[in-house]
Amino acid sequence: MTTRLLRLQVNGREQALAARDAATLLEVLRDGLQLTGTKQGCDGGECGACTVLVDGAPRLACITLAASVEDRAIETIESLATQGRLSALQRAFHEHLGAQCGFCTPGMVMAAESLLRREPQPSEAQIRAALSGNLCRCTGYVKIVESVQAAVETAR
Amino acid sequence: MKAEHLPLREAAPPTHSIGTRQPLVDGVEKVSGAAHYTADLPFPNALVGRIGRSTVAHGVIRRIDVTRALALPGVRAVITGQDFAVPYGVIPISQNEWPLARDIVRYRGEPLFAVAAVDAASAAAALAAVSVDIEPLPAYFDAASARASDAVLLHIDKPGNLERTVEQDFGDVDGGFAAADLVMERSFHCAELAHGQIELNASVAQWDVERNQLTVHSVTQVPYYLHLMLAQTLGIDSAAIRVVKPFVGGGFGHRVEPLNFEMVTAALARAAGGTVRLELTREETFLTHRARPDSDIRLKIGLTKSGEITAVDAEVVQRGGAYAGYGLVTILYAGALLHALYRVGAVRFRGYRVYTNLPPCGAMRGHGAVNIRFAFESLLDEMAGELGLDPFALRRANLIAPPYRTLNELQVNSYGLPKCLDAVEHASGWHERRGKLPKGRGLGMACSHYVSGSAKPVHWSGEPHAVVNLKLDFDGGITILTGAADIGQGSNTLLTQVVAEVLLLPMARIRVVATDSALTPKDNGSYSSRVSFMVGNAALNAAQALKRILVEAAARELKADAAAIEWLGERCVVAGSERGMDFAQVVRAALTDAGTLTVKGTWSTPPETQGGKFRGAAVGSTAGFSYTAQVVEVEVDEDTGAVRVLHCWTAHDCGRALNPMAVEGQVQGAVWMGLGQALAEETQYHQGLPLRANFLDYRIATAAESPPIDVTLIESIDPLGPFGAKEASEGGLHSAPPALAAAVCDATGVRMRDLPITPDRLLEVINERRREARRAAARAATAKA
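So the protein sequences, as listed, match chains W and C. 167 is the number that my numbering gives the last residue of the first sequence; the numbers go up by one with no jumps. 789 is the number that my numbering gives the last residue of the second sequence; the numbers go up by one with no jumps.
Just chain W, same shape as in the assembly (with noise of 0.2 Å):
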C-alpha cells in the first residue's frame, strides 16, 4: 500500500492531504477532511447516498477515486449554506420535510442541486428521474419531489 500527497479543490478550498493511492474520494472527504455529511450508505454505487458534484455533475464519492479528481471542482453538502443560512433548495427541504431519518438527504440534495443548475424549471419527470440514482426508504419520495419543486417556485 502506498500513499500519495492529494491535491483537492472541495468547496471552494485547496486541501492537500496524503491518502493511499487507492483511497475513494468518498473516505477522504469523511476520514480525510471530516466533511462527514456525504453518507455511505451500501457496498459501491447501490444507493447514491454519497452523491456530491464534482465540476457540478452529481457523482457518487463511493466508487470515485481520490486521485482521479485531482484539481477538479468538488462540492459537498457542507458548501451549500451561506454563513450557517441554508440554501434555498435546504430550505425547502427542511420545510416541506424532503428529510425524515436524513441520512440519504445530503445525497439527494447533492443531486437535486446538480439539476437545478442544468435545468431551473424541471418538470416533475425531470425531477424524478435526477433523484432516480438516489435511494429514500422513509418518504417514498412524495415530499422530496415537493421540496425540489418548492425550491423552483421560490427561485422563480
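There's no promise every hint is true.
[Stated by the list, open to error] Selected chain C positions facing chain W (in silico; Cβ < 7 Å):
{"hint": "1", "residue": "Ala152"}
{"hint": "2", "residue": "Gln672"}
{"hint": "3", "residue": "Leu695"}
{"hint": "4", "residue": "Phe699"}
{"hint": "5", "residue": "Ile704"}
Derived from the structure by calculation, the hints contain no laboratory data. All C-beta atoms in this analysis are idealised placements derived from N, C-alpha and C, irrespective of residue type, glycine included.
Once you have looked at the hints, place chain C on chain W.
Okay, now just chain C, sitting in the frame of chain W:
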C-alpha cells in the same frame, strides 16, 4: 419592583403548535449535513472492529483458533462467544442467541468471532488469520423441511423446530361457516423482506479501563433494551453502562431489538481496553436481518349474501430463521389482528413459527399483520366479486361501532374507518371510473389497521410505560428530557409540539435532549408505533404539571386565586383585570426559593386496553387502533408482466393530526413500503447464502417508478390519545399490497396470491391463462368437428 406594579408589556399572543405543519426541530442539521449519525462521530483514535462470520449454515463449532491473529502487529483484541456471559434476546422468555455463536452455528453469515485492530488493513489480516473448524449438520432453508419429523433440532428445547405454535379459537367457527352463504378458501404466499434503512449498521464502544465503565453509541431504536442486553451479555453492572443514540438513519424495525454487532463492539472495547468503532457493510447489514418472514397462509372466510363476515379460519406458517428474536410476537400478531378491523362472527387461528438455518427474522413495519392482511383483503375482494357486491359495500357491511370489545378482547375506542372509506371512494372516483378504464388499467381497494403501541410492555418492571422530564431554569428555556428514540419519524418534534401546546409557548423556547442514558429518563423505545401515543401522553402530563407550578407562582405573585389566572403563554393575567405578568416574571417567581424546576410526566395504558387473560393475549392489545382505507390504480403491460402504479389515494385515521405534514410523510412512507413489498422486494438464498444482500438485487423503488400518494387525514379524536392522536407510521402499509393486487386483478382478471407480483410471476400466470384459452378453443373446435 413587584410584578403587579409592572406595566404589562406587549407580549406574543398564545402560540398553538398542535395541528400545524411543523418542520422537524432537528431538520436543519439533516439538510445541512451537520447531523452526526453513529459513523460520523469523531473518535479519532478508535480501533477498527470487524466481525468474522460463518460460511456454514448449520454445524457444531469444534474449534476457533485465534492465536495467530492475536500475534499479528496492530491487533488489539480477538474475541469469540466465550467472551460473553449469557445469551440474549429481546423477549425475556426466549433468549437463545449469543452475540458471537457458541457451540453451534445456525446460519451462513452468523458472527463467529471479532477483531479490533489499529487500522482496517490490520483488522482484515486478523480476520484472515483466525482458523475455524465446524462440523456440518443438516441445514433447513424452508419451513417444511425444518418441520419434518426426522429434522435435526436447531434448538434442543424446541421439538419440531417450532419456536411457537399458536392455537386460538374465538366464537363458533363451524357454526359461522354453516350460516354463511359463501365460503371460500385460498392459499397465499409472501416472500421474506429486508428493512433497507439507508444508514449502515454501526456502533462505537468506549471502555474506560480505570473505572470499568462502558459507553456505547449505536444505531438503535431501543437504547434501553440495548442497555439491558449489554449488561447481561457482558456480565457487568448496568450502572457502569451509558448508552447514547445519535441521529439514526431509519429503522423500520431492523433496530428494535439489541443486535449482535452492538454487543460485539462493546466486548471488543473491553478486550482491547479502549475505543472500538465497528461499521457493518451493506451485505452485513442485510445479514443482521430481523425483517418480515416468508409466510405461507391458508385462509377461509364465510360471508352472508349481504357481505357480513360469519367466520374466519386462518393458518399461518412463518419461516423464522435461526433465532427467536421477536418471533413469538410476530406469529401472535398475525392471529390477533384478524380482529379489530371489522366485526367478525368467529375466528380460528393456527400459527406456526419455524426455526430455519437462515438469518433471524424479526419485527418490520406493520409487525406480523401485513401478510395476513394481504390474504384477508384479497380474499374479501374475490368474494365481493362472487357475491356481486362492491368492495366498499362489503367492508361497510362489517363496520364496528366504538366503543367495542373484540372477540379476543381488544378494545376499540375510536374508529375512523367509515370516513376513510368515504374519503378514498370519493377521491379516487371509484364508482365513476372503475370498470371504465382503458385496457390494462385497474383500480383496487383495501383496508387496514394497526396498534398505537403495544399495551403491555416487554418487561414487566412495574414502571409507567412512558416517562418525560421537563427542566425549566433561570433562562426561561424549557428542556424536554426523553428517552424516546427519534429515528426519523419525528418524535423530538412531536414532543416539542405537545409541550409547547400545553404551555401555549412558541416552540423556540423548547429544546429536546434525547436518548442518553446518563441524562434522559428510560424509554422502552421506538417500536409498535408507541411513541406518539405513550410518550406524547407523558409529555402532555409533564407539561401540565409544569404549567400548574407556573400558574401557582403567578397566583402567589399577583395575590390572586390560581383558578383566576388566565394562562396565555408568553404572559398570564388575572382574569377580568389588567393585572398580569410576562413569562420571564412568572419563571422568576416560580424559581424563587425552589430553584431550577424539574417536573415529570408519566403515562401507562389503562388496564381495559391490555387485552384478555389467555396465552398470548398481550400481543395486539393497544390503547388505540389506527385505521386506513386506500385505493390503488395500476397499469399492467400484459406483454411483459410489468405493473406500474399510477396513483394511490390513502385515508388514514390518525386520531388527531398533531403535525399534519409529518403524519402525511409517515403515511406516504408506509404506503410506499407496502407497494414495494407488493411489487418487487424479496430476499433470496441459495443453500442459506444470501443472493440479494445489496441494493441492486434487493429492489427498492426509486423516485422514477414511485407514484403520487394522496393522503387524507381522518381525525376520529381518540379518547386516550394525546390531544386525540393515534399512530400514523405503520397502519397504512398493510392495505397497500392487497389494494395493489386487487387493482392488478381489475386490470387483467388475474388474481395474484403470491408476493411480490414481479413481472416474471405475473407473466407466467397471464401466459398460462392464454395457453388455457388456446386449449379451450382447441377443445371447442374438436368438439364442433
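Requested in this report: Please write out, lowest number first, the hints stated earlier that are contradicted by the structure.
Outcome: 1, 3
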